[in-house]
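Colleague: Given next are the chains, with one letter for each unit.
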Amino acid sequence: MDLAVFGPYIATILAYFIIFNILTWGLNIQFGYAGIPNFTYITFMAMGAYVTGATGLPRPTAGFQYVQYILGYSWPFPITLLAGAVGAGALAFLLGLITLRRLRTDYLAIVTFSLGFILYDVVGTFVPLFNGFDGLFGVPQPLADVFQLDPNTYPYFFIPLSLVIMLICWLVANRIFDSPLGRTMRAIREDVEVAEALGKDSFRFRIIALIVGCVFAGVAGGLTIEFVTAFNPSGWTAPETFVIFAACLVGGKANNRGAVLGAFLVPVIFFEGSRFIPVPPDHPLLLAGIRYMVIGTLLIGVLWFRPEGLLPEKKKAFFEIALKKPTLPVVQAPDAL
Amino acid sequence: MLHSLVLAFGFGLITASVLALAGVGVTLQFGVTNYVNFAYGAYLALSAFLAWTLNVVVGLDFWVAVAISTLVIAVCAVVVNRVLLQPFARRKLPTVYMLIVTLGLWLILSNVVLVLWGASQRHFSVAGQHPVEIGPFLFTPSQLLIIAVAVVCLVGVHLLLTQTKLGKAMRAMSDDSGLAAVSGIDTDRVVDATWFLTGALIGLSGCVLALNLSSFLPTFGDDFLFVIFSAVILGGIGHPYGTMIGALIVGLATEMSAVLIQSSYKSDVAFALLIIMLLVRPRGLIPSRAK
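Chains as they are written, first to last, in my numbering: chain Y, 2 to 338; chain S, 146 to 436.
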């Protein structure tokens, strides 16, 4: 056990776990609390990553490794992450404006699913936006220059930093769950008509859930690009969304502790843990293919055997208002005439 | 410019034929079972790659390979319904769970295709690819055959829906499956028949789409799926005749826009149409009463 070798490895696993946690909580707010089927959740993570990266990088210069991207403001660390979060939130706002006004679940699912493919295509082929399929790289790591950290010691700084951000996200997610806002979201999830009859504007609450969830995704994306220093379309293919859905459903939707369990069990074990499984050199696609098949089977299996997840949603217990007992005398049927 | 627009109109007709085949299948299944199946992208790919193996590896004639592949996909669709989808549908879970089940199925099937056939470009070996001039248009014989096959199949679907007991039962279930069940319709059998028909239409359109693309990757079905969804929603989901019109509009719009803007964005045009449609007329060109 050499600490110099295992230290960074464990730190990397830990960083991914923190990022997946934030991602799963964000999806939990949208899907678990408010019941919005956002089947392109990963796109918002990518949006956060791209905006964080592009605002942190300096303006692109023509030269040996010519990369093209918009923004390029060389902003310092916390502002880039905030910009990423705002970028993801803004995209969510647009999506919400189009879809949440009156679309049924299946239409909403079709639009989000399609949007993911479209944006993936556009980002990949329209190079001036975020450098196409090559993506962004060389993104400055947060405060690495200030504290003069080298790549070997950097994870030890990044972990506490992202833990603080994760803690903030945890508090926000739980605060929303317990607040009237979260209660209304869950009421709308259970029955839109009843919630509307009680005067709740379902559009407003659903768009808030969508935006907050996508801001979480944006923060997770921003942390990803700052930790890895690079990001390209291979990091946000359409199936990735369902890894997060699997985490959310396995753990137990609308339960943030469950989401932590899911974020630990699903992505970390299946993806990051299996990184070191030897792949037969003649079939490099096999491992990736099997991983997604496992995720697909997991989604179907959990919905069949335990749709409420490992840690089910905690239903709020309210004291019951005692209804007035019926005072009418009970009429006994005559035994015989 | 005008000449290339006219040519693009011709290509649009072919795309519309493929779209109509797949779209009618999708919309029939949605009408009868009342949930969207997101696994169609994988069905399309599976069908095309199966036909490719029969055509290129085994050496069968292209259209024989297509017929076998179509039949296999139709049977697969029924089996998947019996084993996976129908048991879930019986539980009457919220719609979103049903959608996630089909997405799980999509993950499994699309990766089966990827693992079995690899990620390289494939193309069919078909004779007679020399374009012939017909009026102002330019078609290859196989493209003409695509249009003919589509027309024959769609007329067949029309006759099935209007002239047969099964078609009437399907329309009845599409309107109200509960009412259909109490009127003595064997709903399980109708659902099976619908999946068979939809599987056949999807299987066929997967093969002809791959032929029309000239070379195809395992992911081509996913990229085409939202174009199909655009056509389906444009026509009013659950409405086969509306879908045919929707397919014509989307097919012509995507191909003709490729002349005016960069052709790599042509499927984005389909998505733009979908968004505009959802904003302006969310129930489709021909709104159906029940859905």
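Bear in mind the hints are in silico, worked out from the structure with no lab data behind them. Cβ atoms here follow ideal geometry from the backbone N, Cα and C, with glycine treated the same way. The reader is advised that the hints may include incorrect statements.
Computed footprint of chain S on chain Y, listed as stretches where at least three residues anywhere in the stretch have a Cβ under 8 Å from a Cβ of chain S [unchecked claim]:
id: 1; segment: 117 to 127
id: 2; segment: 227 to 233
id: 3; segment: 252 to 259
id: 4; segment: 286 to 300
Colleague: Confirm or reject each hint.
Modeller: Quick rundown of the hints versus the structure:
Counting residues of the segment 117 to 127 of chain Y whose CB lies closer than 8 Å to any CB of chain S gives 5, which reaches the minimum of 3, so the coverage claim holds. Coverage of the segment 227 to 233 of chain Y by chain S is violated in this model, with 0 residues showing a Cβ closer than 8 Å to a Cβ of that chain against a need of three. Coverage of the segment 252 to 259 of chain Y by chain S is violated. Counting CB-CB distances below 8 Å, 0 residues qualify, and the rule asks for three or more. Counting residues of the segment 286 to 300 of chain Y whose beta-carbon sits less than 8 Å from any beta-carbon of chain S gives 12, enough to reach three: the coverage restraint holds.
The structure fails hints 2, 3 (numbered hints given earlier, in ascending order).
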